[in-house]
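Each chain, written out:
There are 2 protein chains.
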Amino acid sequence: MGGDHGPQPVVEAAATALALYPQIEHIFLVGIEKELNALLAGRPLDRKRLSVVHASEVVTMEDKAVEAVRRKRDSSLSRAVDMVKDGQASAVLSPGNTGAFMAAALIKLRTLPGVDRPGLATVMPSQHGRFLILDLGANADARPQHLCDYGIMGEIYARQILGVPNPRVGLFSIGTEEMKGNELTLEAHRLLKDSPVNFTGNIEGHDMFADKVDVIVTDGFTGNAVLKSCEATSRLIYNWMKEDLTQNPLRKLGAWLAKGAFESLRKKANPDEYGGAILLGVNGICIKAHGKASANAICSALRIAADAITRQVNTLIVEEIRLTHEKEHPAQPAPATVA
Amino acid sequence: MGGDHGPQPVVEAAATALALYPQIEHIFLVGIEKELNALLAGRPLDRKRLSVVHASEVVTMEDKAVEAVRRKRDSSLSRAVDMVKDGQASAVLSPGNTGAFMAAALIKLRTLPGVDRPGLATVMPSQHGRFLILDLGANADARPQHLCDYGIMGEIYARQILGVPNPRVGLFSIGTEEMKGNELTLEAHRLLKDSPVNFTGNIEGHDMFADKVDVIVTDGFTGNAVLKSCEATSRLIYNWMKEDLTQNPLRKLGAWLAKGAFESLRKKANPDEYGGAILLGVNGICIKAHGKASANAICSALRIAADAITRQVNTLIVEEIRLTHEKEHPAQPAPATVA
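In the order they appear, the protein sequences are chains A and B.
If you read the first sequence in our numbering, its first letter stands for residue 1, the second for the next number, and so on.
If you read the second sequence in our numbering, its first letter stands for residue 1001, the second for the next number, and so on.
Source of the hints: derived by calculation from the structure; they are not laboratory data.
Ideal placement from N, C-alpha and C gives every residue a C-beta, glycine not left out.
Be a bit skeptical, because a hint or two may be false.
Said to hold, decoys possible - When the alpha-carbon atoms are kept at most 30 Å apart in a straight line, the in silico BS3-like pairs for lysine-lysine are as follows:
1) B:Lys1259 / A:Lys259
2) B:Lys1108 / B:Lys1292
3) B:Lys1242 / A:Lys242
4) B:Lys1268 / A:Lys259
5) B:Lys1180 / A:Lys242
6) B:Lys1064 / A:Lys193
7) A:Lys212 / B:Lys1034
8) B:Lys1064 / B:Lys1048
9) A:Lys252 / B:Lys1259
10) A:Lys259 / B:Lys1292
11) B:Lys1212 / A:Lys64
12) A:Lys267 / B:Lys1085
13) B:Lys1212 / A:Lys292
14) B:Lys1242 / A:Lys212
15) B:Lys1108 / B:Lys1048
16) B:Lys1048 / B:Lys1034
17) B:Lys1292 / A:Lys242
18) A:Lys292 / B:Lys1242
19) A:Lys48 / A:Lys64
20) B:Lys1212 / B:Lys1064
21) B:Lys1180 / A:Lys108
22) A:Lys242 / B:Lys1108
23) A:Lys212 / B:Lys1108
24) A:Lys267 / B:Lys1108
25) A:Lys252 / B:Lys1085
26) B:Lys1252 / B:Lys1212
What the hints assert, rightly or not - So the derived list for chain A, only partly shown, Cβ under 7 Å to chain B, looks like this:
27) Ala19
28) Tyr21
29) Ala140
30) Ile174
31) Glu183
32) Leu186
33) Glu204
34) Asn224
35) Asp244
36) Leu253
37) Gly254
38) Ser264
Starting from the given sequences, assemble the full structure and let the hints guide the process.
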């Protein structure tokens, strides 16, 4: 209910996803029943695989994260997460308030065994491919171990969902050399080097789109800053281009002749197929679609949710984290009892 | 000597700057005498206002920062900073190794009284204007007080050099609300609010180009990450555009007709007039030109160096920092002596 375009794109995406993806057993649409039923009316769809679950409240984009979870107990966002907690659903998807969604997921589902902090991950386009980046803001004050865990979780996601056989994991820093960075990244570098992750070292901003890595690991503050800076730059250039290309008839004609190029550019920069962000490390599959997500984008996100379930991303994370932490802190032999 | 294009653009810029800016009393070209004299030969310039100072070594872009300063004592970079230290020059400009330049400046010149850490600042273009951002990497592990001092220094620079009467200072964070951020920014927010700076609160990545602030304050790790991410995004879009616009004859024709727009775009994104970055907070005016800087960009940087001297940027910083710290930690009355 709480996305920028309300429930319309969600309902449309659910209908399409049921038709396209047989691996999706059932979709529960959680929200104001009357509105959802009105949007469903007349759609040719398999009602045996879709149900509406009523929730009377809506978390808005302006609501404060933790407060929204605590106060609006009957919101679509809270109820949907509850369904995962209660085992009625295996995954939850929301295009609503990101902070509230992350708070609900963390408070209700808790983290996976061995995981201290979840990380919000998304796929970004690169020059000739794509890469996963996390954390984007679930955890603004990360410790080195968190970054190492993000490497493990990101690698599993890239292998299982993006289909990269041996994902290259880079640590975002301010220089490629090992000794470049801040206290956090210097220590995280050491941990990642000792981890089972295919760690390729530091990656700096200049190289982030150069197809050098499949996963970029960073703390939530930096990740959020970097993601938003990239989006802001792209919007700035788009706005400038629009101003410059419409300044006289000759340029307008040129832009019209080359319009295929601009359309292709738009698709590369905003690919609907990526479908949002995933909150890795919580005990349940939690997908955050963009607030402005189209039905197409939400439909892709539903496919990703289904893939994450069938490919057992969370089971693999728990296992890999356990093995890594065991290696870092091997179980001590029991001390001999002193008589 | 150590810029990507060697001394050529520096010599050219010096010649132009002497002709354009009478406020520049004298320029010392520091480097390998023979090379510099060869580049100067035949140029119509006022040799009374220009001298060549020999330095036998060159710091390369690959040299490690502190090591370069310690080992290559007769490098152009070191010698040029020495001249400021010894009072022979009022400002130093280098297009060479950024890390080595910052290390030389900090080691040889030290910080201004009251300033704990210097901050590297540059001007970035915004939608319809420009803004100053610091720190870009002089100080990767900043404390809240450093960010507050950056606000003071940035405000003075924006007023004196960019000509903004009452610069709006924003703190880079991951949300506009006061309670959004990490431990560092939450505390820095409090300090900036209590400081004499015209502090407008948090600014997030999405709004950085929206002409909402004149100065953005951040720690060196985030600043470096953000700057490089913006540059990488801009390059990514440029590369994609080139690919897309040359894919068929129609698009090529369109691009040719609209070429004025692309030229205007290029100028907005890479304005030569900004000329580089300034290391604020060290005891001397230190300007870092881009390694790839053109003669035009270096010439602008020379004008900025001259402006920073005549408008007494450093004197103003010392005064303002002193007043702010006094307000924060007022001098205690002397304790009564106990007989």
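Hints and how they fare:
1. B:Lys1259 / A:Lys259: Between Lys1259 of chain B and Lys259 of chain A the Cα gap is close to 14 Å, so the pair holds against 30 Å.
2. B:Lys1108 / B:Lys1292: The hint holds at about 25 Å.
3. B:Lys1242 / A:Lys242: Distance of about 17 Å is within 30 Å: holds.
4. B:Lys1268 / A:Lys259: Roughly 22 Å separates the two Cα atoms, so the pair holds.
5. B:Lys1180 / A:Lys242: Roughly 33 Å between the alpha carbons, so the hint for Lys1180 of chain B and Lys242 of chain A is violated.
6. B:Lys1064 / A:Lys193: Holds, at roughly 22 Å.
7. A:Lys212 / B:Lys1034: At roughly 42 Å apart (the allowed maximum being 30 Å), Lys1034 of chain B and Lys212 of chain A break the hint.
8. B:Lys1064 / B:Lys1048: The hint is violated at about 36 Å.
9. A:Lys252 / B:Lys1259: It holds: about 11 Å lies between the C-alpha atoms, which stays within 30 Å.
10. A:Lys259 / B:Lys1292: Not satisfied, since the Cα-Cα distance of roughly 33 Å exceeds 30 Å.
11. B:Lys1212 / A:Lys64: With a Cα-Cα distance of about 24 Å, the restraint between Lys1212 of chain B and Lys64 of chain A holds, given a limit of 30 Å.
12. A:Lys267 / B:Lys1085: Violated. Lys267 of chain A to Lys1085 of chain B sits at ~54 Å, over the 30 Å cutoff.
13. B:Lys1212 / A:Lys292: Measuring from Cα to Cα gives roughly 23 Å; hence the hint holds.
14. B:Lys1242 / A:Lys212: 21 Å, holds
15. B:Lys1108 / B:Lys1048: Given that 30 Å is the threshold and the Cα spacing comes to 28 Å, the pair holds.
16. B:Lys1048 / B:Lys1034: With a Cα-Cα distance of about 19 Å, the restraint between Lys1048 of chain B and Lys1034 of chain B holds, given a limit of 30 Å.
17. B:Lys1292 / A:Lys242: Given pair Lys1292 of chain B, Lys242 of chain A holds - Cα atoms ~29 Å apart, limit 30 Å.
18. A:Lys292 / B:Lys1242: 29 Å, holds
19. A:Lys48 / A:Lys64: 36 Å, violated
20. B:Lys1212 / B:Lys1064: Between Lys1212 of chain B and Lys1064 of chain B the Cα gap is close to 38 Å, so the pair fails against 30 Å, i.e. violated.
21. B:Lys1180 / A:Lys108: 22 Å, holds
22. A:Lys242 / B:Lys1108: Violated, at about 48 Å.
23. A:Lys212 / B:Lys1108: At roughly 38 Å apart (the allowed maximum being 30 Å), Lys1108 of chain B and Lys212 of chain A break the hint.
24. A:Lys267 / B:Lys1108: With a Cα-Cα distance of about 51 Å, the restraint between Lys267 of chain A and Lys1108 of chain B is violated, given a limit of 30 Å.
25. A:Lys252 / B:Lys1085: 56 Å, violated
26. B:Lys1252 / B:Lys1212: Given that 30 Å is the threshold and the Cα spacing comes to 37 Å, the pair is violated.
27. Ala19: This interface hint is violated because 33 Å lies over the 7 Å limit.
28. Tyr21: 30 Å, violated
29. Ala140: 4 Å, holds
30. Ile174: Nearest chain B Cβ about 4 Å off; hint holds.
31. Glu183: Nearest chain B Cβ about 5 Å off; hint holds.
32. Leu186: 9 Å, violated
33. Glu204: 6 Å, holds
34. Asn224: This hint holds: Asn224 of chain A lies near chain B, its Cβ roughly 4 Å from the closest one there, short of 7 Å.
35. Asp244: 4 Å, holds
36. Leu253: 6 Å, holds
37. Gly254: 3 Å, holds
38. Ser264: 5 Å, holds
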